[in-house]
Every structure is written in C-alpha cells, then in structure tokens.
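K.L.:
The lines below spell out each chain.
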Amino acid sequence: MSMPLIRVQDLHTSFFTDSGEVCAVNGVSFDLDHGEILGIVGESGSGKSVTAYSIMQILASTGKIVDGHIYYKGEDITQWKDKQMRDFRGKCCSIIFQDPMTSLNPVFTIGNQLIEAITLHTDKKGKEAKTRAAELLELVGINEPLRRLKQYPYELSGGMRQRVMIAMALACEPDILIADEPTTALDVTIQAQILELMQKLQKEMGMAVILVTHDLGVIASMCDNIIVMYGGRICERGTAHEIFYNPKHEYTKGLLRSIPNVTRMKEKLVPILGTPINMLNLPAGCSFCARCDNAMKICLTEKPEEISINENHKASCWMNIRDAVMAEGGNTDE
Amino acid sequence: MSDILLEVKDLKQHFPIRTGFFKKTPLKAVDGVSFTIGKGETLGLVGESGCGKTTVGRSILRLYEPTAGQVFFDGEEVTGHNIQAMRKKMQMVFQDPYSSLDPRMTVEDIIGEPLDVHNLYSNKKERREKILELMNYVGLNSEHATRYAHEFSGGQRQRIGIARALAVDPQFIVCDEPVSALDVSIQAQVINMFEELQEKLGVAYLFIAHDLLVVHHISKRIAVMYLGKIVELADADELNENPLHPYTQSLLSAVPIPDPDIARSRQRIVLEGDVPSPLHMPSGCPFRTRCQYATEQCALECPTLTDRGNGHLSACFNR
Ligand SMILES: Nc1ncnc2c1ncn2[C@@H]1O[C@H](COP(=O)(O)OP(=O)(O)OP(=O)(O)O)[C@@H](O)[C@H]1O
Ligand SMILES: Nc1ncnc2c1ncn2[C@@H]1O[C@H](COP(=O)(O)OP(=O)(O)OP(=O)(O)O)[C@@H](O)[C@H]1O
Ligand code: SF4
Ligand code: SF4
Ligand SMILES: [Mg+2]
Ligand SMILES: [Mg+2]
Chain S
1 MSMPLIRVQD LHTSFFTDSG EVCAVNGVSF DLDHGEILGI VGESGSGKSV TAYSIMQILA
61 STGKIVDGHI YYKGEDITQW KDKQMRDFRG KCCSIIFQDP MTSLNPVFTI GNQLIEAITL
121 HTDKKGKEAK TRAAELLELV GINEPLRRLK QYPYELSGGM RQRVMIAMAL ACEPDILIAD
181 EPTTALDVTI QAQILELMQK LQKEMGMAVI LVTHDLGVIA SMCDNIIVMY GGRICERGTA
241 HEIFYNPKHE YTKGLLRSIP NVTRMKEKLV PILGTPINML NLPAGCSFCA RCDNAMKICL
301 TEKPEEISIN ENHKASCWMN IRDAVMAEGG NTDE
Chain V
335 MSDILLEVKD LKQHFPIRTG FFKKTPLKAV DGVSFTIGKG ETLGLVGESG CGKTTVGRSI
395 LRLYEPTAGQ VFFDGEEVTG HNIQAMRKKM QMVFQDPYSS LDPRMTVEDI IGEPLDVHNL
455 YSNKKERREK ILELMNYVGL NSEHATRYAH EFSGGQRQRI GIARALAVDP QFIVCDEPVS
515 ALDVSIQAQV INMFEELQEK LGVAYLFIAH DLLVVHHISK RIAVMYLGKI VELADADELN
575 ENPLHPYTQS LLSAVPIPDP DIARSRQRIV LEGDVPSPLH MPSGCPFRTR CQYATEQCAL
635 ECPTLTDRGN GHLSACFNR
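Chains as they are written, first to last, in this note's numbering: chain S, 1 to 334; chain V, 335 to 653.
In short, the hints are calculated from the structure, not lab data. Careful, some of the hints might be misleading.
To be verified - Heads up, simulated DSS-like pairs for lysine-lysine below, C-alpha to C-alpha not over 25 Å straight-line:
#, chain 1, residue 1, chain 2, residue 2
1, S, Lys-130, S, Lys-91
2, S, Lys-268, V, Lys-357
3, V, Lys-373, V, Lys-534
4, S, Lys-268, V, Lys-346
5, S, Lys-266, V, Lys-534
6, S, Lys-73, S, Lys-125
Please build the complete structure, drawing on both the sequences and the hints.
P.N.:
The following block contains the structure:
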C-alpha cells in the first residue's frame with residue numbers, strides 16, 4: 001500500500017484565549033490522494049478552516065497543533081522546521097481564501113505580485129518569470145494578460161481578482177490546492193466560472209484539492225469525497241453519493257432537510273433546532289447531542305466511535321452502532 | 335377591491351456620481367422597473383450583485399427620493415407627504431443582523447421604538463405586552479427582553495429585526511437578504527418563520543436574496559433583474575422550468591444544485607465576461623454584451639417586458 005499525498009492523523013488544534021482553551025479541532029483524521037477533490041462541509045465554527053490552516057501551519061499566533069500528525073508523502077510535517085514549512089507552502093501546497101482583497105496587496109500591481117511569487121518559488125527569473133506570469137493569467141481565463149499585469153487589484157472585478165488569486169496559487173505548481181470558501185463572495189454566474197476553472201485546472205495539472213465550503217450545492221457538483229464536520233470533529237465521511245443519498249449522521253440528515261429540495265421545492269423545510277455549540281465548553285458525549293431529535297442516553301456521556309457503513313462511507317453516530325448490534329442478532333426483542 | 339397591494343410603476347433611481355472635476359454622470363441603479371405584489375403574496379427578486387435589488391426596496395419605502403416613477407400602496411400613491419403614515423403599513427428587514435441593530439439597545443427598546451414613533455400604545459403596560467407578544471411571534475424567549483442585541487446569535491438577531499418590523503402590524507415587508515448572513519442550519523428556522531407569519535397575518539413580501547433555491551422555495555412569483563431592469567418575471571415554478579430570457583437561463587444553469595446526480599448531468603451555460611458598470615450601460619439591451627443570441631437590433635433598441643402568456647413576462651427580441 002502506498003502512502004497518500006496527505007495523511008492527517010488525530011489532529012487536535014487549539015487556540016489559547018483569555019477566556020480559555022478553544023478546542024477548534026478535536027481528533028480529525030483523513031487521507032488525501034493524488035488528484036482527489038475532497039470537500040469539507042459543516043456548521044460555521046465547526047473547524048473547517050482551522051483544519052485546513054493546520055495543514056499549512058498558518059494559524060493565528062494563539063493557535064497551536066496540540067496533538068496529532070500530518071504526513072506529506074510519508075513525512076511528518078508537524079515536526080518540520082520553519083524553513084522546511086516555508087518551502088512546503090511555497091512549492092507543495094497553496095491556498096486561496098474567500099476574500100481575494102485581503103490576500104492581494106492593494107499597493108502593488110498584479111504583475112509585481114505574480115512575478116514575485118514565481119521568482120520566489122520556481123527557478124524562473126526576469127523576463128522568463130514575466131512570460132510565465134502572463135501565461136498563468138491566460139490559463140485562468142484573463143484576457144489581455146500583458147495589460148492586466150500592469151493593473152492594481154482594485155481595478156479588477158471580484159471574479160477577476162479571484163482568478164488572479166488562483167493564478168498566484170498555481171505559480172509554484174503545487175501538488176495540493178486548498179480552497180477555503182473560494183466562491184462564497186461571488187455571484188452565481190461568476191462562481192460557476194471559477195468552479196469550472198478549478199475543475200479544468202485540477203484535471204490538467206493533476207493537483208489534489210481540498211475544497212472548504214458551507215455550500216452543499218458546490219460540494220455536490222465538485223467533490224469525489226466529502227467530510228462533514230461538527231464541533232471540531234468529523235461526524236461523517238464518504239463519497240458524494242453516499243453523503244447525499246444515504247446520510248448516516250443526524251447532523252448531515254438535518255443539514256440536507258434544512259435546504260430546499262430541488263425535486264420537491266415547495267415542501268416545508270425542517271430546520272435543525274437550537275444554536276451552534278460553544279467550543280469553549282464541549283459536551284462529554286456526541287457534540288450534536290443538544291440539537292439531535294434522536295439523542296439517546298449514551299449520546300450524552302460517550303463519544304460515538306466512527307464505524308463503517310460500507311467501504312465508501314463512515315459515520316460517528318450511536319444510532320448506527322445500535323443498528324449494527326441489533327443486526328448481528330443481539331438484542332432484537334424491543 | 336382589487337387583490338393588488340403594491341404597484342410599482344416605471345420606478346427609476348439614478349445616483350449622480352462625480353466622474354470628473356465638473357462632471358457628474360447618473361448611475362442608473364434602477365432604470366424603469368414595474369411590478370405588482372398581491373395581498374399576502376411573496377414576490378422574489380433575484381439578480382447579480384449591484385443590479386439594483388436593494389435600491390428597489392429602499393426606493394419603495396422612500397429611503398431614497400425616487401428619480402422618477404410611482405409607487406401605489408392599496409391604491410394610494412406613496413409620496414413624500416404620506417410616507418410616515420405609510421411606514422406603518424410597509425416595513426423593511428435588512429441583510430446584516432450584525433450591523434442593522436444597535437448593539438447597545440435592549441431587545442425591548444429595539445422592538446418598542448416603532449411603537450413609540452407611531453404612538454401604538456396607551457400605557458407602559460400595554461407597550462410591554464405588545465413587545466412580549468411580538469417576541470413570542472418570532473420565537474424569541476420573552477425572558478430575554480432586557481438583554482442587549484449583541485448578546486444574541488445571528489439567527490436570533492434576525493428575529494429581533496423581524497419583530498421590530500412587525501411591531502407596526504404592516505401589510506408589506508421588504509426582506510433584503512434576510513438569511514444570507516446566517517448559517518445554513520439556522521436559515522431554515524428563519525425561512526419557516528416568514529412563511530408562518532404570512533399564513534397567520536397575511537403579510538406580503540418582496541423577498542430579495544441571491545440564493546435562488548431559497549427564493550424559489552418561498553416565492554409565488556419571481557422577478558429577475560439585470561443592470562437596473564427587470565428582464566423576466568413569472569410564476570416561480572414556471573420560471574424555473576421554462577426560463578425564456580437568455581440571462582435567466584444562464585443564471586439558473588449556474589445555480590449549484592445540492593444533488594450530485596442532477597448537478598453532474600446538468601449543462602451549464604457559462605457566461606463570458608463581467609457585468610458592465612452601471613455608469614457605462616451598453617446601448618439597447620443591457621444584456622447584449624454577454625448574450626449569445628444578440629443581433630444588430632439588440633444594440634439599437636431596448637426590449638420591453640412583454641407577456642408571453644399566463645403572465646410570464648420577458649424582455650428580449652429573440653427569445
Ligand atoms: N484565532 C482564533 N482565536 C480563537 N478561536 C478561534 C480562532 N480562529 C478560530 N477559532 C475558533 O475555532 C473554531 C473553528 O473555527 P473555523 O474558522 O475553523 O470554523 P469554520 O468551520 O471554518 O467556520 P466558517 O464556516 O464560519 O468559516 C471556532 O469556534 C472559532 O471561533
Ligand atoms: N446611495 C448610493 N449612491 C450611489 N450609488 C449607489 C447607492 N446605492 C447603490 N448604488 C449603486 O447602485 C447599484 C445598485 O446597488 P444595489 O445595492 O441596489 O444592488 P443590489 O442588487 O442590492 O446588490 P447586492 O446583491 O450586492 O446587494 C450599484 O452599482 C451600487 O453601487
Ligand atoms: S450520536 Fe446520538 S446525539 Fe449524536 S447524532 Fe447520533 S443519535 Fe444524535
Ligand atoms: S434582446 Fe438581444 S441581447 Fe438582449 S437578451 Fe435578447 S437576444 Fe440577448
Ligand atoms: Mg472557515
Ligand atoms: Mg443588496
């Protein structure tokens with residue numbers, strides 16, 4: 001068996017704040033293979049971004065990986081020195097954020113920034129780097145690239161700025177592209193263009209992509225495999241088909257019931273009741289317990305283990321464990 | 335008595351923008367918009383960022399003085415003179431529950447303010463009872479009346495905003511992106527609340543949102559805007575099954591569908607280019623710079639909204 005491109009193993013990431021330790025990620029494990037598109041969905045504050053930032057080690061200064069390992073091609077990068085991590089971020093793994101304005105420097109031209117990224121992370125210099133910059137802009141669908149290189153970020157539309165961000169992220173020809181809500185700030189028609197572009201580039205360059213989003217529609221059309229997060233943990237994972245048509249965790253089921261169903265548009269929505277959990281004060285058992293209609297006694301006190309539903313699908317919910325025990329012919333006289 | 339509650343006739347909202355030292359150019363944020371909303375009906379309003387949706391809502395409520403056009407409420411024209419009285423019947427809920435409420439005010443004061451403005455109680459006790467009833471209506475715990483707005487979650491704050499809008503017992507509410515800032519799991523609660531209030535109180539909504547699935551779910555009819563104009567208006571199901579205008583077609587085809595089989599088998603109509611600036615509107619049809627069906631006529635004349643049968647309106651020469 002070969003090693004996956006990225007293996008995250010029992011990751012725990014916390015922020016040490018004035019009000020206490022915020023356990024943002026509590027034991028997350030997953031693999032990312034070459035050329036795979038992995039989607040991460042979940043409640044706001046469930047730890048999606050922190051998981052992604054932990055891989056790149058770009059956490060806020062109060063944040064720290066307190067336990068677990070992250071392997072890149074078999075090497076544990078949590079043990080790497082700053083210099084190695086800088087190389088990792090420059091050459092192996094790139095990230096694009098939700099708001100391109102915060103990551104592009106407003107006082108430098110697009111060309112300055114793109115060429116700098118190229119000279120920093122590849123062995124192209126001077127004229128060669130400039131040619132490459134123009135090539136990259138063309139690749140992400142920006143016309144008249146030579147003129148655009150002379151423009152400043154504010155002179156471009158939101159969709160174009162996001163394309164420039166993608167071009168910057170691709171400058172080092174990374175193995176892994178992390179996209180954190182890459183289209184949330186964009187209109188649907190522009191979003192469609194950017195998603196199409198990402199799919200095309202992913203196919204051509206064979207990168208692996210981690211796509212973080214709260215938009216189930218984006219996930220459904222883009223991802224091979226999906227991770228659903230709640231309260232800093234993975235509550236369910238599987239192929240797009242399994243997650244959407246055969247959800248096995250109560251949060252995932254609730255999430256799918258709470259959005260309009262395309263085939264039964266006028267049907268009443270079924271909301272998830274209650275409010276998101278407080279990460280400062282995590283419950284002992286299943287973190288979804290307080291909002292779950294089917295919670296049982298054991299859910300209050302013990303964390304559900306992750307069990308396999310089938311080879312493409314895993315979930316951490318006591319209901320499945322109970323069902324599995326019953327199916328084994330145990331206690332069926334209820 | 336007609337069933338029409340609100341009628342908007344050829345509404346225009348042009349903002350003068352300084353484009354040179356001595357030069358001002360009108361930014362045509364809304365440029366000749368007409369529609370009606372029935373009593374207790376929801377009209378959805380969709381379109382790309384900057385197409386003028388919020389401006390339509392604000393102009394109806396005369397938060398801006400409209401450049402041209404008329405708005406009739408229950409047959410009476412809304413003017414600068416009667417707008418105060420009209421605001422008892424028409425209200426607005428804003429997009430951002432974080433910035434639209436003053437965090438230093440208690441819930442009681444926020445909801446009570448419109449009651450004060452319109453003299454809607456005879457004594458303190460009645461005021462308090464009304465506030466608690468409103469909080470109840472929108473599913474807020476009445477014990478929280480004395481808490482400050484900043485102590486509530488986004489979904490709860492949106493409920494406070496809605497309770498405040500309902501305080502004057504309006505017949506019509508402009509809902510400007512009321513769920514966009516909320517987490518998906520909270521959105522359904524707020525959407526259901528809008529629907530239940532409509533069933534109970536018969537309020538009509540102009541529902542503005544960029545999530546087309548949500549708009550389709552909640553609206554009876556939907557209007558699609560592009561660069562300050564309505565390009566298509568039809569019954570919600572009809573619009574989704576049979577979009578006529580090229581812009582609506584591409585807009586709907588771009589909506590990410592949360593269903594892998596449908597999402598992957600669907601043909602997207604990807605639009606080239608960006609929305610032109612409303613300061614430099616193309617001549618003729620506003621969509622022509624991105625339209626694959628554009629002909630010579632489209633650059634010369636602007637198509638008007640015409641009925642293609644059963645109240646399905648579209649503004650296009652060729653489709
Ligand atoms: N710098 C920080 N200091 C303290 N807590 C933080 C910090 N950054 C994140 N957190 C907390 O960590 C948790 C996970 O945050 P994260 O940003 O990963 O959520 P998310 O799933 O990406 O949510 P969203 O969908 O809103 O982006 C949250 O409870 C958040 O409040
Ligand atoms: N007070 C104002 N002064 C000048 N221009 C304005 C003003 N309000 C809006 N505009 C401009 O009018 C146009 C329409 O804006 P509006 O806010 O109505 O769009 P919208 O459809 O609500 O967009 P969004 O989906 O981003 O909320 C935009 O070009 C905007 O920049
Ligand atoms: S483990 Fe229990 S509380 Fe958690 S989702 Fe399953 S049934 Fe609900
Ligand atoms: S009028 Fe012409 S440019 Fe406008 S939408 Fe129709 S075909 Fe396209
Ligand atoms: Mg995030
Ligand atoms: Mg708006």
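K.L.:
Hint by hint, note whether the structure agrees.
P.N.:
Now the hints, each set against the structure:
1. S:Lys-130 x S:Lys-91: holds (19 Å)
2. S:Lys-268 x V:Lys-357: violated (53 Å)
3. V:Lys-373 x V:Lys-534: Distance of about 13 Å is within 25 Å: holds.
4. S:Lys-268 x V:Lys-346: violated (36 Å)
5. S:Lys-266 x V:Lys-534: It holds: about 18 Å lies between the C-alpha atoms, which stays within 25 Å.
6. S:Lys-73 x S:Lys-125: Between Lys-73 of chain S and Lys-125 of chain S the Cα gap is close to 29 Å, so the pair fails against 25 Å, i.e. violated.
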